[in-house]
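Undergrad: Single-letter residue listing:
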Amino acid sequence: MAVQRKSNMHIIDGNQSAAIAAKMSRVQVVAAYPITPQTPLTEQLSQFVEQGELKAEYVAVESEHSAMAVCTSASIVGARAFTGTSSHGLAYMHEMLHWAAGARLPIVLACVNRAIGAPWNVLNDQQDSISQRDTGWIQIYCRNNQEIMDTLIQAYRIAEQVYVPVMVCYDGYILSHTEMPVDVPDQADVDRYLPPYKPHTTLDPANPKNYNLVTLANPRIGVDGKLYHGYMELRYLLQEALQNSRETILQAGREFNEIFGRDYARMFWEDRSEDAEITIVAMGSLAMEAIVAADMLREEGLKVGVLGLRVFRPFPKSDVVQALRKSRLIVVFDKNISYGSEGATCSEIKSALYGTYINASIRNFIVGLGGRDVKARELAEATKKAIASLKETVINPDYPEWICQI
Amino acid sequence: MGTRDCNHICDESSPGIGEAGRTGEWRTSLPVVDDTKCTASRLNKPTCFLCWLYCPEAVMTKAIPPTIDMEYCKGCGICAQVCPVQAITMLPEEKNIG
Ligand code: SF4
Ligand code: SF4
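So the protein sequences, as listed, match chains A and B.
Counting the first sequence from 1 gives a position; the numbering used here is that position plus 1323.
Counting the second sequence from 1 gives a position; the numbering used here is that position plus 47.
Please keep in mind that the hints were generated in silico from the structure rather than gathered at the bench.
A virtual CB, placed ideally from N, CA and C, is assigned to each residue, including glycine.
It cannot be assumed that every hint is accurate.
[As the list claims (entries may be wrong)] Listed below are several chain B residues computed to face chain A (Cβ distance under 7 Å; list not exhaustive):
| hint | residue |
| --- | --- |
| 1 | T50 |
| 2 | D58 |
| 3 | E59 |
| 4 | S60 |
| 5 | S61 |
| 6 | P62 |
| 7 | G63 |
| 8 | F96 |
| 9 | L97 |
| 10 | W99 |
[Unchecked claim] In the DSSO-like style, the derived pairs of lysine-lysine whose C-alpha atoms are separated by at most 30 Å in a straight line are:
| hint | chain 1 | residue 1 | chain 2 | residue 2 |
| --- | --- | --- | --- | --- |
| 11 | B | K142 | A | K1549 |
| 12 | A | K1649 | A | K1714 |
| 13 | A | K1532 | B | K92 |
| 14 | A | K1378 | A | K1521 |
| 15 | A | K1649 | A | K1698 |
| 16 | A | K1549 | B | K121 |
| 17 | B | K92 | B | K121 |
| 18 | A | K1698 | A | K1673 |
| 19 | A | K1626 | A | K1532 |
Chain B extracted, bound-state conformation:
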């Protein structure tokens, strides 16, 4: 697929999410939070949130349950590593694995 239809002669875009590049497309592993194990979700209290604190992309929300902005999550797995109750599992991101 070519870009001849793009009529811009310099880089031009409209401000919006993902305009600097949907870097989530780099991800080869996908973090999945098990809400039944997550302490914050289980107690329904704003607690723990180590995943939020350690996520280097700041895409983990400090919410109950914690959610992840998949536009930018790189699948680094830090959240899964720091979670004290192993509530986060890293699954293969099939669509990005050739």
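Pulled out of the complex, with its shape left as it was, chain A reads as follows:
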């Protein structure tokens, strides 16, 4: 049910959208280190704090590792914490990303997707966040600046309900530095949507606690004589939390729609999937480009649909199976590569379809690394190439094709 509310359109870039969303989420601690293309996000947030528009502690740290360490400490004592980073910064944060997830802290991180060196490259691809796939964070990808705003606000709702940190990913430059219309919500509505953070951990000198100290392999008896989880039980609970987070994600999206009139009750975006025999799969802003490619191919009479991946972790296996049930051919475009294998989202799609009745051919293309422009025309051509390849072989190739000049 969409509600009537007057829109409050601003023409802003992705970083501004993320900064405003963090401010409206009333984050209490921001710890970040500037890195291209995330820099304007941190600048904007420090300005909000400086001008008194955001009542938060802005911790200017000396590295991304420290940024996440500060967020972890802040979150564990009950503060809503936020950070943003890109590329090498996210890689440098890697150890603490594990820590935040392992300690079950509902931190939200904006990852402004950028390529990783060597060689140096400040432009967009998704290798950075994909490299952090197995840290136990929920990962949600945005297609445009409105989604950045909305997803970031929802991220706190989700994170604080399931106690799993959320990474909100958006493409560097393509979104971070491109201005587009964004409907900025009312603060009162955001407050209504987002209740204050209730930590599962407490810092109370009268009742001191140890958190996440050396945990032996097996469960152990505590000083109170009760049996406590061992390391493996805690890891199981993290996996269980991600497995069960789908409902919370959908609920957060549904309730967002009730208040703001934009529906996010979905794990991915579908475009013309009802009758699609050929489905293009892409994640982030590339999913928008794919819609234009699908338009071109539809004009040629091909029944093409688009599946725009939104939630990458937890990966919505059964939903994907449902959405791809009519597809004969699935063309997956990845802005990342698992070297020696294939694009990460392609692997996910294949694994979701294994053992189901869907026996579609799958073709994977690696595109847009290090900011290489991806045109809708190129996606359409690659899709036609994939269709043609079906005549040659129905077997899915071991390795992806690259859209580059080799």
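With chain A's structure known, arrange chain B with the ligands on it following the hints.
TA: Structure of chain B with the ligands alone, referenced to chain A:
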């Protein structure tokens, strides 16, 4: 026995002895001090205490008679080795030997 009753989603405990793990449970040998042989005990004087000095776990007390914190003693047997009068005997720690 499962840990479903434990309602913590991250590792949490109250500070206290043994909270980092009662490592004494690793012990397969148990040191037993014979006070009738121990020089410090026999002379009732703060002397010798080589066992206290050499114990790598710092669980031997510099007391008369010397006592051992069994929460942490690993049963390594160093105390028995260094005791000049063989006052310490290593016995099998039956409860930890399968
Ligand atoms: S057996 Fe080892 S740990 Fe135990 S009291 Fe002797 S020296 Fe210390
Ligand atoms: S080393 Fe032997 S004699 Fe010396 S204090 Fe220890 S138990 Fe007694």
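Undergrad: The structure should be examined with respect to each hint, and the outcome stated for every one.
TA: Evaluation of the provided hints:
no. : hint               : verdict
1   : T50                : holds, 5 Å
2   : D58                : holds, 5 Å
3   : E59                : holds, 6 Å
4   : S60                : holds, 5 Å
5   : S61                : holds, 6 Å
6   : P62                : holds, 5 Å
7   : G63                : holds, 3 Å
8   : F96                : violated, 30 Å
9   : L97                : violated, 30 Å
10  : W99                : violated, 26 Å
11  : K142/B to K1549/A  : holds, 20 Å
12  : K1649/A to K1714/A : holds, 19 Å
13  : K1532/A to K92/B   : violated, 41 Å
14  : K1378/A to K1521/A : holds, 18 Å
15  : K1649/A to K1698/A : holds, 26 Å
16  : K1549/A to K121/B  : holds, 23 Å
17  : K92/B to K121/B    : holds, 27 Å
18  : K1698/A to K1673/A : holds, 25 Å
19  : K1626/A to K1532/A : violated, 60 Å
Comparing the model with each numbered hint stated earlier shows that hints 8, 9, 10, 13 and 19 do not hold.
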